[in-house]
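> So the chains spell out like this:
4 protein chains.
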Amino acid sequence: MSDLRIAALGVGMMGADHVARITSRISGARVAVINDYLPEKAAEVAASVPGSRVAADPFDAINADDVDAVLLATPGPTHEKQLLACLEQGKPVLCEKPLTTDSPSSLEVVRREAALGTPLIQVGFMRRFDPEYQQLKMLIDGGELGQPLVMHCVHRNPTVPPSFDSAMIVRDSLVHEVDVTRFLLGEEIASVQVIKPIPNRGAPRGLQDPQIAIFRTVSGRHVDVEVFVTTGVAYEVRTEVVGELGSASIGLDVGLVRKSAPGLWGGRITPGFRERFGTAYDIEIQRWVDAVRSGVNVDGPTAWDGYAAAAVCEAGVRSLETGEAVDVELAERMGA
Amino acid sequence: MSDLRIAALGVGMMGADHVARITSRISGARVAVINDYLPEKAAEVAASVPGSRVAADPFDAINADDVDAVLLATPGPTHEKQLLACLEQGKPVLCEKPLTTDSPSSLEVVRREAALGTPLIQVGFMRRFDPEYQQLKMLIDGGELGQPLVMHCVHRNPTVPPSFDSAMIVRDSLVHEVDVTRFLLGEEIASVQVIKPIPNRGAPRGLQDPQIAIFRTVSGRHVDVEVFVTTGVAYEVRTEVVGELGSASIGLDVGLVRKSAPGLWGGRITPGFRERFGTAYDIEIQRWVDAVRSGVNVDGPTAWDGYAAAAVCEAGVRSLETGEAVDVELAERMGA
Amino acid sequence: MSDLRIAALGVGMMGADHVARITSRISGARVAVINDYLPEKAAEVAASVPGSRVAADPFDAINADDVDAVLLATPGPTHEKQLLACLEQGKPVLCEKPLTTDSPSSLEVVRREAALGTPLIQVGFMRRFDPEYQQLKMLIDGGELGQPLVMHCVHRNPTVPPSFDSAMIVRDSLVHEVDVTRFLLGEEIASVQVIKPIPNRGAPRGLQDPQIAIFRTVSGRHVDVEVFVTTGVAYEVRTEVVGELGSASIGLDVGLVRKSAPGLWGGRITPGFRERFGTAYDIEIQRWVDAVRSGVNVDGPTAWDGYAAAAVCEAGVRSLETGEAVDVELAERMGA
Amino acid sequence: MSDLRIAALGVGMMGADHVARITSRISGARVAVINDYLPEKAAEVAASVPGSRVAADPFDAINADDVDAVLLATPGPTHEKQLLACLEQGKPVLCEKPLTTDSPSSLEVVRREAALGTPLIQVGFMRRFDPEYQQLKMLIDGGELGQPLVMHCVHRNPTVPPSFDSAMIVRDSLVHEVDVTRFLLGEEIASVQVIKPIPNRGAPRGLQDPQIAIFRTVSGRHVDVEVFVTTGVAYEVRTEVVGELGSASIGLDVGLVRKSAPGLWGGRITPGFRERFGTAYDIEIQRWVDAVRSGVNVDGPTAWDGYAAAAVCEAGVRSLETGEAVDVELAERMGA
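Chains as they are written, first to last, in this note's numbering: chain A, 16 to 351; chain B, 16 to 351; chain C, 16 to 351; chain D, 16 to 351.
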């Protein structure tokens with residue numbers, strides 16, 4: 016099967032990240048067309064992607080014959096029209112949040128897609144793919160926590176751009192917790208209250224930061240969220256679900272931690288090497304492929320490393336027999 | 016640039032894993048030729064890889080014109096001849112450990128590669144690519160621990176096959192710690208001592224398990240390793256480096272943990288969303304690409320999820336203004 | 016100086032615990048008089064305390080010449096009169112929470128004590144003496160977290176008696192977080208809101224559990240508290256303070272954990288043996304004193320243990336010189 | 016029963032600590048007689064202990080009629096004679112390590128005590144009383160780890176006095192791990208090997224630091240110990256026991272952590288308030304007793320704190336009924 020040809024619309028920080036990702040780490044796809052409202056930015060990114068071309072107009076990119084699917088990372092206000100163009104062309108689109116800038120226009124997009132009878136739009140709430148959120152979701156859906164009753168979320172950024180205002184904390188930061196709530200609890204949010212604590216004097220003047228949001232879900236569950244975007248510390252995203260049979264937390268820098276009857280806290284050890292070193296294998300193979308394609312051939316342990324390991328293990332086996340310390344005899348170093 | 020065409024020799028558990036990895040997650044490569052000493056195994060794996068073919072003879076596979084590089088996951092005793100064939104053909108090869116089954120033959124392979132003047136062989140010590148080992152290596156090389164003096168390693172498996180014998184614990188398990196020691200400390204191991212504690216009664220009869228290995232490096236550093244392959248618990252791999260300025264541990268299920276002056280323990284919080292959610296983004300995009308290629312188009316949050324988030328955020332912004340709880344008004348559910 | 020003679024009023028679970036504590040672990044005090052509204056309970060406890068006597072009437076106990084101070088662990092409704100009697104007698108009193116059962120009567124007690132011009136009443140909010148709360152208080156007062164902005168508390172019990180009602184969750188459980196808030200933040204609470212999530216089906220019928228309390232302090236700080244008294248798990252009490260320069264948590268089963276710039280998480284290692292083993296020394300000496308007083312003389316390592324340690328260390332010193340393993344020669348076992 | 020009258024011999028750092036402990040925190044004992052080879056030191060410490068007197072000669076102190084028991088914290092070389100004097104007098108003695116300075120004299124002390132037929136000597140290996148070691152011992156003895164096979168110990172000091180030499184690392188530091196091994200595993204050590212890694216350049220010239228000790232027990236268990244006394248970091252004492260059914264660690268700054276089938280790691284949450292706040296109660300009561308005895312009367316939450324808590328809880332109960340935020344009305348501050 017041939018590779019999926021993607022048009023990348025908007026190659027600012029987020030879009031350029033995705034282009035690099037598709038080019039260097041994703042199997043079965045390539046970026047074919049690049050568009051940005053800054054033409055020189057589009058040209059710069061395209062130069063780093065073999066076989067890609069620049070499109071001056073985003074709608075031309077969406078309509079192009081050599082484009083199978085669209086990655087939308089343009090500013091929010093342009094999303095509605097671009098999404099509708101994708102729907103008209105019947106082309107799948109991955110749209111970075113927000114879907115659109117208000118709920119009536121979002122609803123209109125939903126309606127138009129529903130009228131087509133086939134799903135084409137995916138929204139970029141990436142946390143649903145994070146291994147820790149996945150584990151937490153499985154725990155909840157598997158009934159291991161019992162019915163969830165309460166959820167506590169923390170969302171902290173070290174800093175934000177000076178242009179950030181109080182409503183953007185809701186729309187750009189809190190929005191992730193909105194999706195996390197809907198994803199983990201599997202139901203809609205019925206009401207929202209935002210509490211304004213004494214603000215951080217280190218925040219830009221006029222910014223209400225931190226904010227505390229209280230969600231009540233349709234079935235009556237309580238969710239509280241601390242959003243604090245000028246902590247000066249680091250990026251901390253944390254979720255704790257409290258259910259009728261115990262609680263579980265993620266984002267504490269220590270993996271998923273459960274509390275369960277009769278009074279135990281802890282997590283799960285990786286059961287085998289696949290779980291422990293699966294990512295290492297992926298990186299190893301990708302880097303080797305990249306090294307061979309670039310003519311370097313080796314980007315990791317060399318034949319000498321293999322030889323030295325063999326020599327040490329032979330000494331080890333002899334010591335296993337004799338109980339004595341055994342010297343390792345190595346030839347003179349050669350090769351890489 | 017066209018994809019790298021790989022011959023996979025040996026598609027048992029490890030080799031088949033690598034074939035699936037290259038086919039579904041690695042960018043810029045595909046498995047072109049598959050060989051196994053069990054022809055039906057080779058055929059079965061090839062059936063799952065579009066565009067691949069079976070080679071009845073491993074040397075035919077190595078020599079084939081449509082093969083750019085070789086992935087060697089055959090049993091150890093066949094490695095030497097197959098590696099030499101790769102060297103003769105000038106083809107890069109990624110060889111699963113061991114390089115060969117003894118140090119003289121390993122040294123011969125090193126010599127032959129050195130004679131070529133160009134590196135072609137990489138050995139599959141995958142831990143060097145594990146993010147935690149990478150962090151630990153950076154910490155050491157950056158001088159943050161001062162000169163390393165002592166290293167403690169633990170390598171525990173829940174269980175091993177009945178055929179596992181005491182020497183295999185050295186050659187197949189301890190060998191990873193041999194490479195970790197050489198990688199992290201950047202020098203050769205000068206002597207090895209294996210201590211035999213009272214054996215686990217739950218281990219197969221006659222198996223010396225656990226074993227304690229003591230390495231002394233050329234410069235006089237001390238490394239001790241507990242290898243215990245029948246713990247019945249899980250897969251635990253742990254390394255602590257103790258230096259003149261502090262110590263650091265990985266594999267404690269809590270990320271890298273440091274101890275440093277003046278009396279602090281702890282780790283590093285992810286500085287930003289790229290570090291925290293980079294893997295989530297990779298998974299999101301790969302799954303979306305796979306979904307589009309298979310005609311499903313969406314494998315994640317839908318347009319409805321985007322709409323619902325917009326509606327909740329609008330209620331949040333109103334509450335930010337009024338301080339009151341605000342109800343969320345949603346249209347009737349439609350779409351996916 | 017002679018020992019403080021204490022009258023213990025109320026020797027139910029809490030009072031009896033305190034009597035045992037004073038008798039066996041507290042220096043400089045003894046329980047002289049015991050009173051309970053169940054005379055047989057008072058007699059039973061008195062029988063376990065050498066030199067104590069039972070008083071039939073609590074006011075007789077307060078007034079007694081051989082009583083220097085009062086420990087009040089009677090039911091709340093009796094507190095007011097008993098506290099006023101202590102004030103009249105000018106006798107110091109440690110009063111288990113609540114001070115009295117409502118705020119007007121509590122205020123009256125405060126007024127009467129203030130009129131005396133000398134403090135006599137201490138209230139039993141014991142968390143202020145917990146080493147973790149003490150550390151957190153020092154961190155805040157030392158300015159290490161900057162100005163506190165937000166505080167998150169969790170208070171979970173595995174189970175409560177069937178008689179527990181929703182208001183008791185406020186008065187008996189939440190009350191501790193009220194004091195913690197006032198203690199840590201050093202200011203009064205200006206308003207309280209209690210949110211009622213979907214209740215735990217495992218709780219007694221009609222009990223609103225969990226409850227979420229929102230405190231706003233006089234200066235505008237935000238505190239949220241989850242109180243959940245039927246978790247079925249264990250006793251979990253947790254506090255996180257989020258300030259302008261970082262955050263700190265206690266009660267996570269891992270000591271106090273801080274997050275601070277530039278992106279670090281962690282805690283403090285005990286600086287020396289006094290901090291690490293201070294409690295061990297206290298227990299060692301108390302148990303030895305008890306053993307000698309009871310005629311057993313030894314309750315810990317024996318002379319043989321001292322001898323064996325000396326023999327092993329001598330072998331160690333020889334090995335330090337020779338580098339070889341040295342056998343330990345022990346005489347035949349004798350003594351305790 | 017009257018208080019135990021103790022003679023404290025040697026009031027350097029360790030002895031003075033014990034005198035303060037007995038005077039201020041231990042129930043049922045007091046220091047009656049104080050001796051030190053520096054008379055002014057003895058006088059200084061005695062001045063801080065009501066009712067104590069100085070003895071010019073240690074043997075006079077041991078023999079004195081007003082001494083029931085002896086606390087020996089003199090330098091090691093004087094122990095033998097002083098212990099024998101205690102045995103002659105039939106007086107119980109708590110002897111700080113070492114018992115004596117070599118194993119023959121230690122054995123002689125054991126013999127003389129055994130001849131008396133009654134135990135009188137306890138040795139100050141205080142780790143046996145540490146709550147974490149106690150938990151670990153209970154876990155082992157309860158069979159929860161299965162038969163122990165291997166133990167790993169770490170003993171790190173930030174710094175040592177300049178006079179510390181390599182043999183003192185064995186005799187003064189490693190000796191604790193000797194006792195821990197004997198205590199936890201319940202058997203004697205059969206052989207010792209000390210390994211000398213490349214030494215820390217930050218250690219005093221000539222000091223072999225770190226040292227690695229390898230113990231083999233009589234039944235064949237393996238124990239390794241890292242002793243590193245010039246880390247510059249803090250005081251770290253750590254023990255991991257690896258058994259046939261799992262492993263457990265203490266001293267990781269996170270309480271006792273277990274690894275057990277099927278692949279779980281974690282610890283135990285405090286089951287109730289006694290376990291969580293028992294130490295807080297002890298401190299609360301001791302500080303209150305001290306405050307009353309000194310005439311201060313209150314050293315903790317005041318009546319005002321009790322009143323304020325009542326007022327907040329009343330607002331909470333109203334909010335529980337109405338669901339609204341309720342303001343807290345407080346009278347004007349008065350009292351302490």
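Hints are computed from structural coordinates only; laboratory data are not their basis.
Misleading hints may appear alongside valid ones.
To be verified - Computed list of lysine to any residue pairs in SDA-like fashion (alpha-carbon distance at most 25 Å, straight line):
{"id": "1", "chain 1": "B", "residue 1": "Lys152", "chain 2": "A", "residue 2": "Thr317"}
{"id": "2", "chain 1": "A", "residue 1": "Lys211", "chain 2": "D", "residue 2": "Thr116"}
{"id": "3", "chain 1": "B", "residue 1": "Lys211", "chain 2": "D", "residue 2": "Leu345"}
{"id": "4", "chain 1": "C", "residue 1": "Lys96", "chain 2": "C", "residue 2": "Ala58"}
{"id": "5", "chain 1": "C", "residue 1": "Lys211", "chain 2": "D", "residue 2": "Gln104"}
{"id": "6", "chain 1": "A", "residue 1": "Lys211", "chain 2": "D", "residue 2": "Asp314"}
{"id": "7", "chain 1": "A", "residue 1": "Lys152", "chain 2": "C", "residue 2": "Lys152"}
{"id": "8", "chain 1": "A", "residue 1": "Lys96", "chain 2": "A", "residue 2": "Ala79"}
{"id": "9", "chain 1": "B", "residue 1": "Lys211", "chain 2": "A", "residue 2": "Val341"}
{"id": "10", "chain 1": "C", "residue 1": "Lys211", "chain 2": "A", "residue 2": "Ala79"}
{"id": "11", "chain 1": "A", "residue 1": "Lys152", "chain 2": "B", "residue 2": "Val233"}
{"id": "12", "chain 1": "A", "residue 1": "Lys152", "chain 2": "C", "residue 2": "Thr317"}
{"id": "13", "chain 1": "C", "residue 1": "Lys152", "chain 2": "A", "residue 2": "Pro214"}
{"id": "14", "chain 1": "A", "residue 1": "Lys106", "chain 2": "B", "residue 2": "Arg40"}
{"id": "15", "chain 1": "C", "residue 1": "Lys96", "chain 2": "D", "residue 2": "Gly338"}
{"id": "16", "chain 1": "B", "residue 1": "Lys152", "chain 2": "A", "residue 2": "Thr294"}
{"id": "17", "chain 1": "D", "residue 1": "Lys96", "chain 2": "D", "residue 2": "Thr116"}
> Hint by hint, say whether it matches the structure.
Going down the list of hints, with the structure as the test:
For the hint linking B:Lys152 to A:Thr317, the alpha-carbon distance of about 18 Å falls within 25 Å, and the restraint holds. Of the pairs offered as hints, the one joining A:Lys211 and D:Thr116 is violated, with about 67 Å between alpha carbons and a cut-off of 25 Å exceeded. For the proposed pair B:Lys211 and D:Leu345, the alpha carbon gap of about 72 Å is over 25 Å, so the pair is violated. Of the supplied pair hints, the one linking C:Lys96 and C:Ala58 holds, its CA atoms being roughly 23 Å apart against a limit of 25 Å.
Distance restraint check for C:Lys211 and D:Gln104: the Cα-Cα separation of roughly 70 Å exceeds the 25 Å cut-off, and the hinted pair is therefore not satisfied. The hinted pair formed by A:Lys211 and D:Asp314 fails the criterion: a straight-line CA distance of about 36 Å is larger than 25 Å. Restraint check for A:Lys152 and C:Lys152: the C-alpha separation of about 36 Å exceeds 25 Å, so the hint is violated. Taking the CA atoms of A:Lys96 and A:Ala79, the gap is near 16 Å; set against the 25 Å cutoff, the hint holds.
Proposed proximity of B:Lys211 and A:Val341 is supported: the alpha carbons are some 15 Å apart, at most 25 Å. A threshold of 25 Å between alpha carbons decides the hint, and for C:Lys211 with A:Ala79 the separation of about 55 Å lies outside it, so the pair is violated. A threshold of 25 Å between alpha carbons decides the hint, and for A:Lys152 with B:Val233 the separation of about 50 Å lies outside it, so the pair is violated. At roughly 55 Å between alpha-carbon atoms, A:Lys152 and C:Thr317 are farther apart than 25 Å, so this suggested pair is violated.
With a C-alpha separation of about 21 Å, the suggested pairing of C:Lys152 with A:Pro214 holds against the 25 Å cut-off. At roughly 23 Å between alpha-carbon atoms, A:Lys106 and B:Arg40 fall within 25 Å of each other, so this suggested pair holds. A distance of roughly 34 Å separates the Cα atoms of C:Lys96 and D:Gly338; the hinted pair therefore is violated under the 25 Å criterion. Between B:Lys152 and A:Thr294, the direct Cα distance comes to roughly 17 Å. Compliance with the 25 Å bound is thereby established for this hinted pair.
Distance restraint check for D:Lys96 and D:Thr116: the Cα-Cα separation of roughly 12 Å lies within the 25 Å cut-off, and the hinted pair is therefore satisfied.
Hints 2, 3, 5, 6, 7, 10, 11, 12 and 15, counting from the list given before, are not met by this structure.
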